[in-house]
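Q: Chain by chain, the residues run as shown.
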Amino acid sequence: MTPLAASRLTLTGIGLLVLLVVATGHGSSAMPPLRVIAALLGEGTRMDEVIVWTLRLPRICLAVLCGMALALAGALLQRVTRNPMAAPSILGVTDGAAFGVVAFLWVFSDAGNSLTVSIHWQPMAAALGAFAFAGIVAVMVRLDPAGKGPLRMILYGVALAALAKAMVTLMMILGPVYRASQALTWITGSVGAAHWSDVMILAAGLLLCVPVLWLMRHDLRQLSLDPESAFSSGLSTGRSQAAFLALSVLLTALAVSQVGAVGFIGLIAPHAARLLHGQFTPGYLASTALIGGALLLGADTLARTVAPPLELPAGALTALVGAPLFLWLLMKGRAVHA
Amino acid sequence: MPDPLAQLRGASACYDANVALNAVDIDLPEGRIIALCGPNGSGKSTALRVMRGLHAPAAGQVEVAGRPISDWTARDLALQIAMLSQSPEAPGELSVSDLVLLGRFAHRGRFGGVSKSDTQARDRALAVTELEALRDRPIGQLSGGQLQRAWIAMTLAQDAPRIFLDEPTNHLDIAHAFEVLDLLRWLNRSEARGIVVVLHDLNMAMRYADHVVLFDKGRIAAQGATREVMTEITIERVFGIRCRLVSIPGQTLPTLVPLPKSERAFDTGQDAAE
Chain A
1 MTPLAASRLT LTGIGLLVLL VVATGHGSSA MPPLRVIAAL LGEGTRMDEV
51 IVWTLRLPRI CLAVLCGMAL ALAGALLQRV TRNPMAAPSI LGVTDGAAFG
101 VVAFLWVFSD AGNSLTVSIH WQPMAAALGA FAFAGIVAVM VRLDPAGKGP
151 LRMILYGVAL AALAKAMVTL MMILGPVYRA SQALTWITGS VGAAHWSDVM
201 ILAAGLLLCV PVLWLMRHDL RQLSLDPESA FSSGLSTGRS QAAFLALSVL
251 LTALAVSQVG AVGFIGLIAP HAARLLHGQF TPGYLASTAL IGGALLLGAD
301 TLARTVAPPL ELPAGALTAL VGAPLFLWLL MKGRAVHA
Chain B
1 MPDPLAQLRG ASACYDANVA LNAVDIDLPE GRIIALCGPN GSGKSTALRV
51 MRGLHAPAAG QVEVAGRPIS DWTARDLALQ IAMLSQSPEA PGELSVSDLV
101 LLGRFAHRGR FGGVSKSDTQ ARDRALAVTE LEALRDRPIG QLSGGQLQRA
151 WIAMTLAQDA PRIFLDEPTN HLDIAHAFEV LDLLRWLNRS EARGIVVVLH
201 DLNMAMRYAD HVVLFDKGRI AAQGATREVM TEITIERVFG IRCRLVSIPG
251 QTLPTLVPLP KSERAFDTGQ DAAE
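Those sequence lines, one after another, are chains A and B. Per the UniProt record's numbering, residue 1 is the first one in the first sequence, and the count goes up by one each step. Per the UniProt record's numbering, residue 1 is the first one in the second sequence, and the count goes up by one each step.
Just so you know, these hints were derived from the structure itself, not from any lab. Any given hint could be a false lead.
To be verified - Below, a list of computed lysine to aspartate or glutamate pairs in the DMTMM-like style, where the Cα atoms sit at most 20 Å apart: (1) A:Lys332 to B:Glu236; (2) B:Lys217 to B:Glu236; (3) A:Lys332 to B:Glu89.
Pulled out of the complex, with its shape left as it was, chain B reads as follows (with noise of 0.2 Å):
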């Protein structure tokens, strides 16, 4: 069995008081799309921080790309694992070229300039995200999901084999979504790279992910293979709600459809309608 992407043993997070992480156990394989799923405040976020560095764990052990958390140096493990975090922020006068160079840091000496690989690397996350056409616009003039591309290309530029996103498809509409999701899919499936992405959309990770960490109240409710953990009674238990998994024609994954907690709230509209 190769090594893992991440171990995680009776690990625990706090921010002050509150505990966001209690005491889990989580394993993540090398080269595939991870999904980690869970309500509001349930440490999904948490989990990933304490995985990329970002968040120092208050107990248990962490393992990455086969290393203790701590052993690595923030370029040595910039050169493994890319990040894109929830809400990043750069001054708006910087041009996107610009910005997706600054993904290439981890690579560049303290005495060379521009190297060739560096504008290689940045010349293929735009194409990528196709940001070619605003490569010299500054990032503070882009709409919504255009910066949110712009950052993604920063992080590709870094050329790490493994990425880890923080919902990226936050404040993008369901086009955008998609589109970004549909890449991350490419890059995992043709450049072999590990992607680790805290998702909302359960139908999301349900389509886009091959395995999943179900997260609950700082706990792990369920990990695995997307379809072991994806089920009716786990999704219901975790997220208190009533809901089927239903198969569309011509569709070979099931869609999640979530059902109101009483059938009444379905006939007040009849009454209307007459």
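So that you can see chain A by itself, here it is in the shape it has in the complex (with noise of 0.2 Å):
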């Protein structure tokens, strides 16, 4: 990596680290920076301690590690389908996931409002709810003639992605009433609920992409050719496709069973990473994590603190900064260079 390309990476990661100091000091008992900085590090008294590392860190290394899965999941999308509309939330991928996990929800929970399996399956069920609507609207593009265009993709996974919202919404509403408190949180996607073993499941997931993804880096490069000059320069397109396809749905499905439909980090994400670091700097996946990390903490810590007690659905927030993205890419309309 260039030092420049490193520097930036580091302003990057500063940045990220600033944001989660002044997040975690956010909050119905305010504390400032230093405060925060003194609990974290285990010097602060008893009360703050349990205030950051109990109450809000939890939620706040959830909301971080999802907006990282979201982002890298949105730029693998992004290169494998060479279309920089691409995102987990815009082929019906997200809304997929929160399809599976409230259809599990549904089917195994018994009348006293409890599970009759166990809650670690709720990721599984995220998984293939994503796989199926991913895989849906892959067989659509395959099936149309005309579907190879970057428009026409798009179109099959808007549509698919408001197909299974609204069936999320039905199931919410059909359902018995104890489970619509949850509703909008796999509607619109919210932090609210987080443990400590929700932030590990996720940092193992994460963790275990790590090394996949540096294996692959050049694959992943060599895929922003068109299909075929990357396959006469050596590279196996069908079997790349398909591994960052599944590992684009499987990090969506991650942290939708964790945080819900939270859309357009993954749209956001990898443009800010072109725009801030280059799309073919080294670094360019690392860059796109934190600034996801960084904007679904944003989105979160607004959330909760702009109408107090009233808490607002993150999703909410970073769709008021992800569609007005898209309606831009869509009119800049340069549509097939991803």
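Both chains are given apart, each in its own frame, so use the hints to dock them into the complex.
A: In structure tokens, the structure reads:
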């Protein structure tokens, strides 16, 4: 990595850390950054440490890690589809995952509002839903004679995302009342109730991705060529496309199973990383992940502090930034050269 | 006799229901400049794509560089044959140098970074295509001719002993087209690389190719040494035109001159002049 790229990456990382400290200080009992740092280092008062370590930090870490997972999923999707408008929430993957989770809760809950199976199956259900919807989009694109165009793919994705969202909404409304309280989480996404165990699951998933992505970094760069040129240069295009798609769907499912259908992080973060870092500069994925983490953390912090005691869904805030970006990309119309 | 570069026996290929290549037998010799010519839609590009593994044949045998095409892995085939397709695409923000380095994919391991042989191959490809001054420029800012040269440089950096090119002179003016073909000839003569190139311009084919395969409606009209294939009678039959092969003083090779279907076409201009 060049010194310039390394320093950009370091700056982005520092930005995320600063945001993390500020976000930890924000809340019903506000704490100045120095007190937050003291508590983080174990030098604070007992009260501060409880607030930081038990109440705030799990939620903050969860937001950062889910943001990272969604951002990486978006960067992979954009590269594989060679479409800058692609993102998990736009291709129906995010809402498909949410559908998987809601269907899981529906099927495996008893009347007493408790699950009849372990909650650890939830990410699996999210993955199944995500794969199902991603699969439907892929099949439709393939069956459509004009489906190779970048816009058709987006149209299929948007339509299927709407379908999944509608099914999630219907299941929440038609389901027993006690489930409706969770509705907001699964429809728009929220980091609400976070535990350290959730954080650990996500951290483990992301850590597993790091060596895989590093080993496949040449393949990922090669996919920016059109498929024929990529194949002619020696890439097994079908295999690597499938691998990155699967990885992207898994990352999305992992995030959605924890925080619900937060949209647009996977669209915004890779574009921000292109501007701040460069798509072909080593460290692009790291930059994307850091920005994605900061985005969801920022959105969640705003969501819980803008109108207390009300909590906005973080997904509504990310959509507020993401939807205009999507429209801008659409109008710019240079969709082919991802 | 050495192994042929490619050997097709009864090879057919289709796009959906359209037959593009109809049970053809083709033999391509190693180490030559081979031109694939023919009218639009005659199957020349399809034949090239079939031989490079980009399009699966519907029937027949296809053997390339000594092995059936289906036995090659993408990487091994890339080490043997580089290919420049008709309209390659890459993001406009990619620099010329980075694009050329993408041609090194088949040589790079999963663990290492850019090796010395990678940078050497890249620099050589940039030098040969005279792109050194533009190496850091994003390819989105290149002119048509420069962009085509950048893609050729990427293909060269692959360091394969054989290079396939699908209409590399498309969208190039006559000077740039000659430059590209001169480069191909240099690669063949001084580096002994086998070249197979789809060409529209028959005069270009006659001037640069050692061997020509002439396609007509998905079949082979003629194949062999350039002089034997490119005759007035064959060209008239395949393209449905009238033509003459004219010798120009000082030129060893004849030049193909297409003639209008009716002599009247010449006369109309005269009245206007008077």
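Q: Each hint needs a verdict: does it hold in this structure or not?
A: Here's how the hints hold up against the structure:
no., hint, verdict
1, A:Lys332 to B:Glu236, "48 Å, violated"
2, B:Lys217 to B:Glu236, "15 Å, holds"
3, A:Lys332 to B:Glu89, "18 Å, holds"
When held up to the earlier numbered hints, the structure conflicts with hint 1 and nothing else.
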